[in-house]
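*Asks:* Assemble the whole structure, with the sequences as input and the hints as a guide.
Number of protein chains: 2
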Amino acid sequence: MTDLNLMRSLAQSNNTKIVLLVMDGLGGLPRELCGPTELESAFTPNLDRLAREGMLGLMHTVGIGITPGSGPGHLGLFGYDPLKYMIGRGVLEAVGIGEKLTDKDVAARGNFCTVDTDGTITDRRAGRISTEECAKMVALIDDITLPDVELIVKPVRDYRFVLILRGAGLSPALNETDPQKTGLKPLLVVPQDKSPEAKHTATLVNQWVLEVADRIKDQRPANMVTLRGWAREPGLPGYEDIFKLKALAIAVYPMYKGLASLVGMQLIDGINNLEDQLEALRRNWDSFDFFFFHYKYTDSRGEDGDFDAKVREIEKVDQIIPRVLELNPDVLVVTGDHSTPAVLKSHSWHPVPVLFWAPRFTRCNPDVTGFGESQCLRGALGQFNAASLMSLITAHALRQGKYGA
Amino acid sequence: MTDLNLMRSLAQSNNTKIVLLVMDGLGGLPRELCGPTELESAFTPNLDRLAREGMLGLMHTVGIGITPGSGPGHLGLFGYDPLKYMIGRGVLEAVGIGEKLTDKDVAARGNFCTVDTDGTITDRRAGRISTEECAKMVALIDDITLPDVELIVKPVRDYRFVLILRGAGLSPALNETDPQKTGLKPLLVVPQDKSPEAKHTATLVNQWVLEVADRIKDQRPANMVTLRGWAREPGLPGYEDIFKLKALAIAVYPMYKGLASLVGMQLIDGINNLEDQLEALRRNWDSFDFFFFHYKYTDSRGEDGDFDAKVREIEKVDQIIPRVLELNPDVLVVTGDHSTPAVLKSHSWHPVPVLFWAPRFTRCNPDVTGFGESQCLRGALGQFNAASLMSLITAHALRQGKYGA
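These protein sequence lines are chains A and B, in that order.
Anchor point for the first sequence: position 182 equals 497 in the numbering used here, and the numbering is continuous, going up by one each time.
Anchor point for the second sequence: position 129 equals 444 in the numbering used here, and the numbering is continuous, going up by one each time.
Calculated directly from the structure, the hints in this document are not laboratory data.
Heads up, some of the hints might be wrong.
The list treats identical chains as one, so a pair stands whether inside a single copy or across any two.
Cut-off 25 angstroms, straight-line C-alpha distance, at most; resulting in silico cross-link-like pairs (BS3-like, lysine-lysine) [said to hold, decoys possible]:
#1 532 to 500
#2 559 to 496
#3 561 to 660
#4 611 to 717
*Replies:* Below, the structure written as structure tokens:
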């Protein structure tokens, strides 16, 4: 187990290149007792070759038996202890759409929802309105003003938006207003501690919600909002500071871009699919040291409970491996931020399969013939905590000095 | 993971005998993808037999992905957390030549170097002068006196010496004076904190360096000195206190003797080769419980990048195993303090192979047929942190009581 101060003290510059390829929710489970998992069912000749040349292992991104959310899962992957650093959803959404947060900001994630005439919620996601529709709704409310505070409202994706309050004396110690089921009304914001800041912020937010409700009451299907995930920017030390790495995040979805930006990775716009991602990787290869390459749909199909569709997503990623290798990375890690077994239709606690490829500095493991959970069990990396991943990565990239004389 | 207070509370006396045979830098890497490592290439019939009878594993002496220096590597082996206990080079060199340090001492490692007429360093190691030459140089400067402090200067090996300042109000918070490359002048000593002790010590050291420079300016090739590794004796609890073990270090090189003495092992002089070491082991068998037997040249040949020569050094150690077994040790552990793969020509982060032999108390592992990194991967000990090694050793030596009722 390593800590960030140790990493900072050992970090060395080099011109080696590192790719961290994350298939979100990669880890899976068999459909029947002792059957293959999604990864083991997938035809992955390229990943299998890398597994034979590299090292496999199973990684706990938060801890043994703990089911990680996307935030903690990625923080763990990135080398930050997710039990130490907590990041609220409001911050994730804000940085995910490129908003720069200051230390005077409090951010919340908002949902547009549908309420009936007496204000009871009938659809918590307003029929999952499109991102374009969401932007039109935000335009109706983004000029609301309140005393002593700057308000920033931005559409995120589908029915989701972000609300940022910027000013002195604010606090994120507020409850969420989504009652979590239909048939109930949105909740009042109440301070969660006794500080004057929380009381002040609660008063401001309730005022804002009333004004919003008034402005959109005649719209359909979105005619109300709920707020949750109140948070401040966490002030994490960044990749350049800790690891001497210039890092680029190549991701489609805002939340993963947001997570990456919190650790100082640079973001890139206009990425909509694997083709865009590969092109961005190629185009930026000379300008960065570390590339976080995020693929979402393995998790999405796991959440859907569609085993076969998740297998196909894994196979799509396998197909791009040769194009990543053409760039000659020194270290390529293929893993997930958590498991999302189709049979569970949700994130799970199962450790994540890791394929660590840096063959110049790897001992052979004749027991391994391909990439899959059972083979990872016998892998050279054993089972380890995500806190060790960045140490292994920087060591194999020859970017880490000796500890002590 | 165990801590020293737990070890102390469980330690029991017994008359069992323990040998910790350390091949420095034992762990290696293949020369080509999936080839054998140095250890796997070596013909080691004796170690292979012990591997079949005992247990194998892979050990992290500092942490996963961390490259240990010799000091932290050995401290880890000895059961002390190297991230908690830091030992400066000055102390290592001093105790390595048998100097007893007090809590009033500050020690530095010195190098003789060569400077040109304007004081610029042209050779940081003065042509690597011999130990004899070094002793002659030290004789020219070991009677320098300064007010309020006792000065001890001793030759170490080749161009290296040790400087000890003994007195009240000293501090090791000083910079090193070696600019780390030729073409630059030695640096002035500057206090590294605001304490009066650091200022006082810096003043004394600068005075001393000026006097040294004046005395040896006409010598060749050594006509100047640099100083580094300022440190105090760390005050580690010893082996007798923690483990109830009378321990003897049987090592050729000063630094390893120094490390052993810091944990309370007794040292022995006049050891120059394996034959001397075996004879010392035999002669002292009845007087000690624990024998730290250190073999340096596996690391040296790894650092040279000479794969075949490292293989031969491993084979030399294999050949002495029957003579160690003749003494009937209860526990024999064969391992390294870190890896030094010839392909890297340096210490590395790869976990160290461990052969743990105490066959009366070991379960059979039919997967293991010999000693090598790949077999260690399948070993009964798995991958573990060095903090657990002494617990395993004392347990198998029946020198450790039950924890709790």
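*Asks:* Evaluate each hint against the coordinates.
*Replies:* Consistency of the hints with the structure:
1. 532 to 500: within (14 angstroms within a copy, 77 angstroms between copies)
2. 559 to 496: between (46 angstroms within a copy, 23 angstroms between copies)
3. 561 to 660: Answer is neither; intra-copy 36 angstroms and inter-copy 27 angstroms both fail.
4. 611 to 717: between (36 angstroms within a copy, 18 angstroms between copies)
In summary, the structure is inconsistent with hint 3 from the numbered list given earlier, while agreeing with all the others.
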